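Given next are the chains, with one letter for each unit.
There are 2 protein chains.
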Amino acid sequence: MREIGISELRHIARGAAILGTGGGGDPYIGRLVAEQAMREYGPVLAAELHEVPDDALVAGIGMIGSPSVMIEKLPAGEEAVTAFLTLQREIGRPITHVLPIEVGGMNSLAPLPVAASLGLPVLDADCMGRAFPMVQMVVCTLEGVLAKPLSVADEKGNSIVVDVSDNHWAERLARSAAVGMGCTALMCSFPMSGKQAREITIPGTLTLASRLGRRVEEARRDHVDPCEAVAAFLGGEVLFAGKVVDVMRASEPGFAKGEAWLEGVAAHDGAVCRLAFQNEHLVAIRDGEVVASVPDLICVLDAEGEPVPAERLRYGQRVVVVGAPCHPRWRTPEGLALVGPSAFGYSHEYAPLGTP
Amino acid sequence: MREIGISELRHIARGAAILGTGGGGDPYIGRLVAEQAMREYGPVLAAELHEVPDDALVAGIGMIGSPSVMIEKLPAGEEAVTAFLTLQREIGRPITHVLPIEVGGMNSLAPLPVAASLGLPVLDADCMGRAFPMVQMVVCTLEGVLAKPLSVADEKGNSIVVDVSDNHWAERLARSAAVGMGCTALMCSFPMSGKQAREITIPGTLTLASRLGRRVEEARRDHVDPCEAVAAFLGGEVLFAGKVVDVMRASEPGFAKGEAWLEGVAAHDGAVCRLAFQNEHLVAIRDGEVVASVPDLICVLDAEGEPVPAERLRYGQRVVVVGAPCHPRWRTPEGLALVGPSAFGYSHEYAPLGTP
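Protein chains in written order, with our numbering: chain A, 629 to 984; chain B, 629 to 984.
Because the hints were derived from the structure by calculation, they are not lab data. Among the clues, some could well be false.
The list that follows gives simulated cross-link-like pairs (lysine-lysine, DSS-like), each with its CA atoms no further than 30 Å apart [what the hints assert, rightly or not]:
#1 B:K784 to A:K701
#2 A:K885 to A:K784
#3 A:K776 to B:K784
Just some of the chain B residues that point at chain A, by a computed CB distance under 7 Å [what the hints assert, rightly or not]:
#4 L677
#5 H678
#6 E679
#7 R800
#8 V807
#9 Y978
#10 A979
Remember, predicted model here, so these are calculated numbers, not experimental data. From the three backbone atoms N, C-alpha and C, an ideal C-beta is built for every residue, glycine too.
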């Protein structure tokens, strides 16, 4: 196990926000909450998957709701702990390890206050290898691990337990709860054994986020283009560079849905690019052609390589769009059925990025 | 304790639907569900409040959602049992008595499948003395008894537990859950001791509903106007007789909200009456003047004295509107604050019916 201290949080937050493809919660807020908990309770131990005993009881933590709302309705900081304790009480056995349900600026850090305050290790892994907007969009669903039970907690100490035997229904009922709680809340679910976690979850993504976040700072220091550095790190490519000329947003119940239009600059002068998002960026359409699509990663960065969350996109911003391959698990037929274009209502075929 | 058998169900359903003031669920569906359970498990024992031991554990059962939806999305029949067992598991002790949360065509009967299948007595009492649309609108709220925990279950066996320390929040989160479940579900909550139930709940309302339902049949047999008989039974008055000329409905998330316009016939020829409802009838406005208002009862009947649920109002129907006094508990300042006109966004003053 290795120690994660306060100084590493900014690297994880940045890297995870890039991997979070516009969603996964605001990295700045996520960092503040984790930092506060670490100042109070000390650093956190991160365990690699091979260090988890077979009979460990592992649970995932993450935010649910609309990131657009969370940048105004700030978390109180105790939500994840409330959700964790509610789930633990419901299960009736001590949970021994926590992990992020997804990689995201806030979500990679969401388990840290629980880990710090309760003295539990956090697993260096997650259930998506990126961020997706819905509860069922996890590798757990592919392997039959249920979001059962699932707890949701808000900043007032309210909590809900959802008990259903289908991850799509878990999404539906947990989303309703999150909407009732004011459109953002923290959830805890996917209880699994250490053995299951080892076999199912995507390993090393906390460390990956940390390395990626650090890589951006190194690129700046070395006068390398940080966006190109991100693309190279992820095995992807720069798809577009432009400025935001319009953003359309709707708080579709429980999500931040919308589209952003970009006009090209520099190498992309004269071209246009449209980004469609539902918490995360789902599709990038350049001059009428789909150039990147879920489940591949569509990362929007500013010129300094800082990730721009979808909820922070605004008129006039200069941004760079990087596309990168997703975890291979999502490129299988069952993976694509769960998180591919058709899962979001799109009819285009998925064309994998980063492969020859 | 007295036995409630299948033959009494039609009386209870009718009387409770009248007392349910347009809401409380469809009496026909409620009766079918209860009848089915009794055919399978036998009759149910109804206990009067004085028969309940101090240390009994009592819980209320009722439907939550939009009655308009339930007449198309029929209950499976097991919802109340699922909600009951979920609450019992959450509390960790056996619940010994069930009672209807409110009086209503479906809601007065909702605890019976639980009572029949688990062999528990049902209390001859409820928490409203009529029906109201929201979770917090119970005498329990006035006495500090919380809807904590609260369980919600649907026809697919899905369940949710809400854990909040405020009955308004319980409403909000349980309503969200019910909407997620498809706008109708069954809930179980307000756990209290036998002593609390005796001191707080409104006694005798199952028997009252049964007597009222029977009174309608007697009036018909005796060639007495059944609507006048209902008004006399309730100490109220006939406010209007007319035909429905328009109905406006919206499924405001989780409720059946709307208005109905009536044109007068017979003694009310030339007059108009407007009924505003949110599951239950809230206000009757005759020729521009409020003639009855929550928390008093506004009961809509057909010429035979059969209650017409708000979700069954339709163009061309001949109906009679009866107004009647509510339970005195609701006429106190704190009662009016919880369920009076202002609780539904109205600015009119409450003028009690049936008092000189």
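Each hint, compared with the structure:
Taken as a hint, the B:K784 and A:K701 pair is broken in the structure, with Cα atoms around 34 Å apart against an allowance of 30 Å. For a cut-off of 30 Å, the pair hint linking A:K885 to A:K784 stands: about 26 Å separates their Cα positions. Taking the CA atoms of A:K776 and B:K784, the gap is near 15 Å; set against the 30 Å cutoff, the hint holds. With its C-beta approaching chain A no nearer than about 32 Å, B:L677 sits outside the 7 Å limit, and its interface hint is violated.
Interface restraint check: B:H678 against chain A, minimum CB-CB distance 36 Å, threshold 7 Å, status violated. Hint status for B:E679: violated, given a least beta-carbon distance of 34 Å to chain A, over 7 Å. With its C-beta approaching chain A no nearer than about 5 Å, B:R800 sits inside the 7 Å limit, and its interface hint holds. Here the hint on B:V807 is kept, as its CB sits about 6 Å from the closest CB of chain A, short of 7 Å.
The criterion of a C-beta within 7 Å of any C-beta in chain A is not met by B:Y978, whose closest approach is roughly 30 Å, and the hint is violated. For B:A979, the interface hint is violated, since its Cβ never comes within 7 Å of a Cβ in chain A; the closest pair sits about 35 Å apart.
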